[in-house]
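**Student:** Here's the letter readout for the chains.
Protein chains: 2
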Amino acid sequence: MTPYEYLKETAGKRMDELFKFLQFPSVSAKSEHKKDMLDCAAWLTDHLKAIGLTARIYPTGGHPVVYAEYTADKKAPTVLYYGHYDVQPPEPLELWKSDPFKPVIRKGNIFARGGTDDKGQVFAHVKGVEAVLKAAGTLPVNVKFLIEGEEEVSSVSLPKFIRKNKKMLAADIVVVSDTAQYSSTLPAVTYGLRGVVAAEVMVSGPNRDVHSGSYGGAITNPIHALCAMVGQLHDKNGKVAVPGFYSRVKPVTKWERKQFKRLPFNQEAYRKSLGVPALAGEKGYSTIERTWSRPALDVNGITGGYQGEGGKTIIPSWASCKITMRLVPDMDPTDVSNKLERYLKKIAPKSVTLKIKKHGGAPGVVVPMDGPWLDAAGRAIKVGFGKNPLFIKEGGSIPIVSDFKTILGLDTLLIGFGLHEGNAHSPNESFRVVDFENGCRTAAALLFELAKVKA
Amino acid sequence: MTPYEYLKETAGKRMDELFKFLQFPSVSAKSEHKKDMLDCAAWLTDHLKAIGLTARIYPTGGHPVVYAEYTADKKAPTVLYYGHYDVQPPEPLELWKSDPFKPVIRKGNIFARGGTDDKGQVFAHVKGVEAVLKAAGTLPVNVKFLIEGEEEVSSVSLPKFIRKNKKMLAADIVVVSDTAQYSSTLPAVTYGLRGVVAAEVMVSGPNRDVHSGSYGGAITNPIHALCAMVGQLHDKNGKVAVPGFYSRVKPVTKWERKQFKRLPFNQEAYRKSLGVPALAGEKGYSTIERTWSRPALDVNGITGGYQGEGGKTIIPSWASCKITMRLVPDMDPTDVSNKLERYLKKIAPKSVTLKIKKHGGAPGVVVPMDGPWLDAAGRAIKVGFGKNPLFIKEGGSIPIVSDFKTILGLDTLLIGFGLHEGNAHSPNESFRVVDFENGCRTAAALLFELAKVKA
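Listed in order, the protein sequences are those of chains A and B. Taking the working numbering, the leading residue of the first sequence gets -4, the next gets one more, and so forth. Taking the working numbering, the leading residue of the second sequence gets -4, the next gets one more, and so forth.
Chain A on its own, in the form it takes in the complex:
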């Protein structure tokens, strides 16, 4: 019996098991679900044991980590799977068509909180491993599962856990299925993510809100100062104007530019779906290049003075804004943060007081396209989904992926089985049955393909 035949035969049982996994309201953000979190972790640990792995629960400062492993052959490559068993809060409940924790299948979709993010996706790997183990009696690679319970609350405990357990987590490659396919008909491997780093800017003027009639024209209005500064964060060509911002940014390669051009992408449909009069960005780059392979700087919020109905004739005491920068590989979050701070200090008028709060960040990551790992992932998807995947990037950030790189020295394969339409973080989250099944087959195939890499 092949693993694929095993998967076919056990499809019903497997769906029942996934439903059980989905029924735990493992909402990490809410303390009232602490016991549900523990129950879910215990069930998952038992399940991993039942399929033949050694598994245990590791307590952390927050919700526990589930860890499991199977050592087949010390000379074979070791694969570290990362996923999470916690889910987003389901609210607003009134917008759900069915109970978020009572999974149902409607029109080929499994509806449940955590369906695609990330229980359904990580479970496909568990089932792929099970299929190979049951069919072959062993695995072609060594596997380790690291399934955390705090992904939806910024993975607060995980970096420390990884640092403390470097030896236990040692591997050759990380596999994560927590992204999406390119579209409902185009599976994909995501080989790059942008990093992110945040800062807050506070500009202070007079020690109280003052009358704009009495003082207007005599002191610098903090809103004017802040706006003038924000206005100088980009130049006329849409480039970030912070000196040295691009110093470590490598040009978009010819190969990548060619790949991106091949992707089905309807610029006009994209513009319409956003409702903007025109797209805009860094001169000389396409929309896909701008969001996947070029860094960006965005003010996420700005506030100052009177914002209610009508008017209030004041010069406010202060104005502030929140900034995030999206980084491409080789850009260092701290370095970029410092450059922003230096620039803002330089351009701030001397007639206001400037305070900058720098937050931590994560660098961008990319899996080398010339390495063997992506090829292996591509071949596995071909087996699982019946077609070659696209190789894509993602403008957003998964900070834990850079922790794997910096702490464990490992690249990560991002193989998304879900869809953007799967409503992760929204009501009526769903995961297509066909994608779950194709995902399980891909997961099984991946074990064999990864085994070839070191061979």
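In short, the hints are calculated from the structure, not lab data. Each hint should be verified, as a subset may be incorrect.
One copy or two, it doesn't matter: identical chains are merged, so the pair holds either way.
The calculated lysine to any residue pairs, modelled on SDA-like cross-linking and capped at a C-alpha distance of 25 Å, are [to be verified]:
#1 231 <-> 343
#2 267 <-> 199
#3 350 <-> 269
#4 400 <-> 324
#5 3 <-> 99
#6 278 <-> 227
#7 350 <-> 268
With chain A's structure known, arrange chain B on it following the hints.
**Tutor:** Here is chain B on its own, set in the frame of chain A:
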């Protein structure tokens, strides 16, 4: 008996009457005080009748207007007094040292809501007229009192009332005591006010807040667009950069510049009291010139995106700000508003949608320094306060003063008996007994001085 002797003799009775006037909680902003407003207006009308004027209450769409007059000699000049019997809400009550509507004298100050704004000040004119009438049996000028009940709610009904009663209100000069002396030892005549005009700016981007990771770099962030626009509202020399903004602005005259330099003004104390690192404004002008004789533009509030604790990685759907411009004489509010709109439309990126809401405004006003009215006011203050007044301006606006100019064609003498320290609009509002007494004497003297103008 002279009017001044009369005032001296009746000081006790006069203070009792002022206390009665101050006891009405005539809070125009709150509907629960509607009856108090009517009671206060009735009391004031009766009082004006009692001192020998014809008086009546005029209903309006809102709180009634109290009108009184005395015709002495049709050939004599006619003086129109403007004031208001309504007061600001007294809240927060816990910060008052005594009941805001139970006047008390502590250390030479009358503490009560409305003490200085404006019951105490307008009552000084009522008492000045009474003193002259009692002492001389008639008045050297004709007088008209227009005392409204909606000044603290933007004089909503008054412009219409003035337009409807142009003939009744016809006069040669308006007298208003609703400003302040320059300091506690320096009485003043205010001969100019800045006008004001307001606008709101809304910049829209994507049709919803979008993820700054996925979209950052591909669309124009409405906050960036708005900030860049606000950043272009002033040039490097602190001038307003709206084309044509200064086209009707006359230069500060040599005479005025000289007068302002003579005023006791401590730049460093001013800076310290505001807590700013440095003063700043239009190059080539002093602080007093910047606030009294030059126009200004201020953003009173700005808002957009996420403003709570922590961060949220979005590009917001929109950003907006509220703007007011302070105008000097000859600048037309509508014209300036249109220029701002034209400029903003020109500099807005084509990748966002811009909406501008223009509000009404009032032009700046100035009483000609070469006319006889200011001289007359100066001489009256010399009689009342024992020293020559300073001639000053004010950066704020009293829109009704421009209505007197535009509807009735009349200049206004702004003779403030109060002090900036009198806490108008704040808890523990007060009016110095000595300023009330000097005000009454000034009011009496003013009748004789104004009578000389047409003589």
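**Student:** Sort out which numbered hints this structure fails and list those numbers smallest first.
**Tutor:** none
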